[in-house]
Amino acid sequence: MSADQRFKQQEAVLGYSFGGPIKVGGNYAPVVRDGAFVYVSGQIPRVGDEVVVVGAAGAEVPIERARLAAKISTMRALALVGRAVDGLDKIVAVPRMTVFVRSAPSFTQQSEVADSASDLLSTVLGPVALHTRTSVGVLQLPKGATVEIDFIFKVDERP
Amino acid sequence: MSADQRFKQQEAVLGYSFGGPIKVGGNYAPVVRDGAFVYVSGQIPRVGDEVVVVGAAGAEVPIERARLAAKISTMRALALVGRAVDGLDKIVAVPRMTVFVRSAPSFTQQSEVADSASDLLSTVLGPVALHTRTSVGVLQLPKGATVEIDFIFKVDERP
Amino acid sequence: MSADQRFKQQEAVLGYSFGGPIKVGGNYAPVVRDGAFVYVSGQIPRVGDEVVVVGAAGAEVPIERARLAAKISTMRALALVGRAVDGLDKIVAVPRMTVFVRSAPSFTQQSEVADSASDLLSTVLGPVALHTRTSVGVLQLPKGATVEIDFIFKVDERP
Chain A
16 MSADQRFKQQ EAVLGYSFGG PIKVGGNYAP VVRDGAFVYV SGQIPRVGDE
66 VVVVGAAGAE VPIERARLAA KISTMRALAL VGRAVDGLDK IVAVPRMTVF
116 VRSAPSFTQQ SEVADSASDL LSTVLGPVAL HTRTSVGVLQ LPKGATVEID
166 FIFKVDERP
Chain B
16 MSADQRFKQQ EAVLGYSFGG PIKVGGNYAP VVRDGAFVYV SGQIPRVGDE
66 VVVVGAAGAE VPIERARLAA KISTMRALAL VGRAVDGLDK IVAVPRMTVF
116 VRSAPSFTQQ SEVADSASDL LSTVLGPVAL HTRTSVGVLQ LPKGATVEID
166 FIFKVDERP
Chain C
16 MSADQRFKQQ EAVLGYSFGG PIKVGGNYAP VVRDGAFVYV SGQIPRVGDE
66 VVVVGAAGAE VPIERARLAA KISTMRALAL VGRAVDGLDK IVAVPRMTVF
116 VRSAPSFTQQ SEVADSASDL LSTVLGPVAL HTRTSVGVLQ LPKGATVEID
166 FIFKVDERP
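Residue numbers (this note's numbering), protein chains in the order written: chain A, 16 to 174; chain B, 16 to 174; chain C, 16 to 174.
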């Protein structure tokens, strides 16, 4: 099964589709490709026009819902990269993932939230998904989102 | 008009000059060039010796002033890169910008603050300014600054 | 004296050994090497199974202890890179260091905390340690750690 097929499976599991236009606010790009590297802007758990998980993890947002937010953010990133390079099977490495978790003051399970993004990446991409990761707990995120994740992917440059 | 001339125009618009020495505290470099890539350390809205915008966006700092802080931070970064590579017209791409906004607990307009940095980059550099971006809301920043921004630029390596 | 010997000296100075297994939680890699670049995941001040400095800088953690936390995080990163590339003397540059300091609301000395990491890097690696740096103050970090630091190193690719 291809990475693109596994991506579609995860859409079904999550119950969200990432096939439509992916909205970006502001004068920047969702993705910039530079040779073999694809930089992805910080992704919040937005589906269509709606940010589907908002609030602070450990306060109004229980950890399982924060983990869902991390998965949706990761799916958005994968959808963006897949379009930019003509399919997720082009990805050969994921050097960096940075996970910002909007956190209640005493919430310290940012790694556990980020694990759901790491696991999804591994499920869709297989062994090439192995990545370095930084997870931090922040006070706020754009639109009150619970999670924001950015990535650097590496892709096969051959046509 | 060259990017360096547009930079000077923006100095006039903002009413600040970035021609003097650009102070860096500590045992690190404001800029590290590696081949075609120029990494820029996190820039706060400091002009000369003074951090000109301090405080939390959405609390003591209204959004328009936070947006000014983002512009000053970006001008500092551009001044540093211009000196490192002998002119802003050498810049060919901006793969990454990360914007940290010191935020009041309920302030969620980090993207709108970052937009002013993105817009300034576009005004000075033109189409090569298109970048990926991550904006987050943090509890504090060095010296109480309202904004801190770091960058990766790509430059033309030909002499 | 080699960088690896200076690393051992710093282990003695700090009173901690980084020679054992370096624990990573979750489905990600502590280090990903891509050609000449070595990305290191966010490091907290963990020695063995224990996070030795937890709490907010400027509140329950005085600045000197936050500075110790930054040193331990940096030693972990160096230990990881040393193993990945067969010795710290392979390092030729440090393009990027990002320092997240868990901070009390009024604590603004994130740069002073990060300085201890920069100084240690310089002590162990010498002139190639010169790096760009971003320091921010965040609300929380995984396991309540006081500091988290990630890095991009560049290494000599020759065998």
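There could be a bad hint or two in this list.
Said to hold, decoys possible - With a cut-off of at most 30 Å between alpha-carbon atoms, the simulated DSSO-like pairs for lysine-lysine come out as follows:
{"no.": "1", "chain 1": "A", "residue 1": "Lys38", "chain 2": "B", "residue 2": "Lys169"}
{"no.": "2", "chain 1": "A", "residue 1": "Lys105", "chain 2": "C", "residue 2": "Lys169"}
{"no.": "3", "chain 1": "C", "residue 1": "Lys105", "chain 2": "C", "residue 2": "Lys169"}
{"no.": "4", "chain 1": "C", "residue 1": "Lys23", "chain 2": "B", "residue 2": "Lys169"}
{"no.": "5", "chain 1": "C", "residue 1": "Lys23", "chain 2": "C", "residue 2": "Lys38"}
What the hints contain is simulated information worked out from the structure, not anything from laboratory work.
Hint by hint, here is what the structure shows:
1. A:Lys38 with B:Lys169: Judged against 30 Å, a Cα distance of about 26 Å means the pair holds.
2. A:Lys105 with C:Lys169: OK: Lys105 of chain A and Lys169 of chain C at ~25 Å, within 30 Å.
3. C:Lys105 with C:Lys169: holds, 9 Å
4. C:Lys23 with B:Lys169: Roughly 37 Å between the alpha carbons, so the hint for Lys23 of chain C and Lys169 of chain B is violated.
5. C:Lys23 with C:Lys38: holds, 20 Å
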